[in-house]
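Colleague: One letter stands for each residue in the lines below.
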Amino acid sequence: MTRYKWLVPALYIIFLMLPIYWLLNMSFKTTNEILGSFTLFPAEFTLDNYRKIFTDSTWYMGYVNSLTYVVINTVISVTVALPAAYAFSRYRFVGDKHLFFWLLTNRMAPPAVFALPFFQLYSAVGLFDTHIAVALAHCLFNIPLAVWILEGFMSGVPKELDETAYVDGYPFWRFFIKIFLPTIAAGIGVAAFFCFMFSWVELLLAKTLTSVEAKPIAATMTRTASTSGYELGLLAAAGTLTIIPGAFVIYFVRNYIAKGFALGRV
Amino acid sequence: MALELRNVVKREGANTHIYETNLTLAEDGFNILLGTTLSGKTTLLQIMAGLELPSSGEIWFDGQNVTGEAVQKRNVSMVYQQFINYPHFTVFENIASPLRVAGEASDKIRSRVMQIADLLKLTPMLERNPSELSGGQQQRTALARALVKDADLVLLDEPLANLDFKLREELRDELPKLFAGRRCTVVYATTEPVEALLLGGHTATLHEGRVTQFGPTSEIYRNPKDLVSASVFSDPPINTATVTKRGDRFHLDEAISWAAPETQTGLADGSYRIGIRPHHIVPAGAGEGGAKLTGQVMITELSGSESVVHFQLGNHTWVSQSHGIHGHDVGEVAEFEMAVDHAFVFSEGGEVVAG
Chain A
1122 MTRYKWLVPA
1132 LYIIFLMLPI
1142 YWLLNMSFKT
1152 TNEILGSFTL
1162 FPAEFTLDNY
1172 RKIFTDSTWY
1182 MGYVNSLTYV
1192 VINTVISVTV
1202 ALPAAYAFSR
1212 YRFVGDKHLF
1222 FWLLTNRMAP
1232 PAVFALPFFQ
1242 LYSAVGLFDT
1252 HIAVALAHCL
1262 FNIPLAVWIL
1272 EGFMSGVPKE
1282 LDETAYVDGY
1292 PFWRFFIKIF
1302 LPTIAAGIGV
1312 AAFFCFMFSW
1322 VELLLAKTLT
1332 SVEAKPIAAT
1342 MTRTASTSGY
1352 ELGLLAAAGT
1362 LTIIPGAFVI
1372 YFVRNYIAKG
1382 FALGRV
Chain B
6 MALELRNVVK
16 REGANTHIYE
26 TNLTLAEDGF
36 NILLGTTLSG
46 KTTLLQIMAG
56 LELPSSGEIW
66 FDGQNVTGEA
76 VQKRNVSMVY
86 QQFINYPHFT
96 VFENIASPLR
106 VAGEASDKIR
116 SRVMQIADLL
126 KLTPMLERNP
136 SELSGGQQQR
146 TALARALVKD
156 ADLVLLDEPL
166 ANLDFKLREE
176 LRDELPKLFA
186 GRRCTVVYAT
196 TEPVEALLLG
206 GHTATLHEGR
216 VTQFGPTSEI
226 YRNPKDLVSA
236 SVFSDPPINT
246 ATVTKRGDRF
256 HLDEAISWAA
266 PETQTGLADG
276 SYRIGIRPHH
286 IVPAGAGEGG
296 AKLTGQVMIT
306 ELSGSESVVH
316 FQLGNHTWVS
326 QSHGIHGHDV
336 GEVAEFEMAV
346 DHAFVFSEGG
356 EVVAG
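The listed protein sequences derive, respectively, from chains A and B. Numbering of the first sequence is given in this note's numbering, commencing with residue 1122 and proceeding in unit increments. Numbering of the second sequence is given in this note's numbering, commencing with residue 6 and proceeding in unit increments.
Here are a few chain B residues that sit away from chain A, every Cβ distance over 10 Å (derived from the structure):
no., residue
1, R11
2, N27
3, L28
4, S111
5, K113
6, N167
7, R177
8, R188
9, V199
10, G290
11, E293
12, Q301
13, V335
14, S352
Listed next, the in silico DSS-like pairs over lysine-lysine satisfying Cα-Cα at most 25 Å (straight line):
no., chain 1, residue 1, chain 2, residue 2
15, B, K78, A, K1299
16, B, K78, A, K1280
17, A, K1280, A, K1299
18, A, K1336, A, K1173
19, A, K1380, A, K1299
20, B, K126, B, K171
21, A, K1299, B, K113
22, B, K182, B, K113
23, B, K250, B, K230
Note that these hints are calculated values from the structure, not bench results. From a predicted model like this one, the values you see are computed outputs, not experimental measurements. Glycine is no exception: its CB is placed at the ideal position from the N, C-alpha and C atoms.
Hey, can you work out the whole structure from these sequences and the hints?
Modeller: Written as structure tokens, this is what we have:
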């Protein structure tokens, strides 16, 4: 029995990796090969798909648009969540616990619920098809999440640290920026990572609120057919590139990610 | 440079954390706040520091009303039971931080920090981060930060409680030396009566949010004002019982009675509470005589030079503390003698009537 104990994890990993492998595999094939035959390796290895994405502005602008609103959203969410989380972590005020819970309930509604009101509102104020529109819409989900994560990390810091700083003579903001923020740097990283991820993978609002100027990559990708017919190789290459930013960001917070999933409460 | 609390009360919701307190701290030596956990020591310290506002009452410092003045404006420093340091600053920057905020020149900061680090034996660790230090060194860093500016008021909230025994003794010996020659009021909160006695100075006994007594430490120890103050300032706990005085004898029960010592003969007949410290009860023959007690041994703790024996006396559990090894088996009926002239006599309400 013990000779085969590697078998189950190995199968599991193969099972998990297979779709990603297949995506990668397809991205190096021509569309004809994908449609014409079943091959485990690209018979005709080609980088044309990637070349097309990096040269054609309708493709690469999708990435630029997505990254733009994701970064704007992450910056806004974390910046706004920091003082809010500090208040929840350090002060008692009327209704604090209810308000804190209510924040989380914002995450419980499906984004589709908000698509229509956002669409109408942003069209009315002229924000439709801008990066900021998507960034703001995603704040609805990301700010509560960031507040919860940051509050968890902040509550792990004893309030005596704050008091010591005040006693030493630090005014509040100087303490907050110079001492408190570096102390919870890991928490800020994790909160930013989660905001980044949710905003990066969210499709419905991003698609609804944009048309041309701020069109996200996911919207470009779901356009399966074009004038030249099916371009499966191209789509696979685009998909592969979409995984990269997430993998890149996760590397920096890999040691804290479990704590982040527990909303900072470990 | 005296700190004065005038009619200070601290309430939170329906709970009263500090009942009306009037206290004028001594300017020299240590002011010790002695009380159990939750007796209000930390709240009182935070009010003194200006971190908490009293619900009513005033805080005066050096003849000025400083109630409501921001803690940053007051020249105080504080050390906590937990080792609080800025985790991403080096030890040097930790110690330097109060001076940096105050905008001192950097060569002056350097010389000040070096001087304090030397005093607290931190010189070899100056470039490390606090997390790389032992608990003792972390607390030394916190102390150094409290000492580096010439604070008028230094608040120490059980600073030695989280240290292991050896380090605690070592640092406790050093503390009074660190403050010698400084002009500042030092307040030191502790749960341990022994610590209060070792540090000397003045002591305030705290019990459930009330300062029950304040004065020179040895004075408070020798002449407690009431039963509560006496119990707060006794470790192991003070032995108490209700006794009846008839004629010139005290009767604890049918079997145990003793002649009232000279200072207590004048008391009217009636019911009293007595309090007697454990070291005034020793195994029969080990002391200088006194009233004989017989009790069933419950626990014996031997510390090498000392024996602490808990025994059942009627429906009270009493404690005897004596020098040397006096081993008793659990359940054994042992004889003790009580130095009755050291007993405090309190009225039924707990006020001292003779000591």
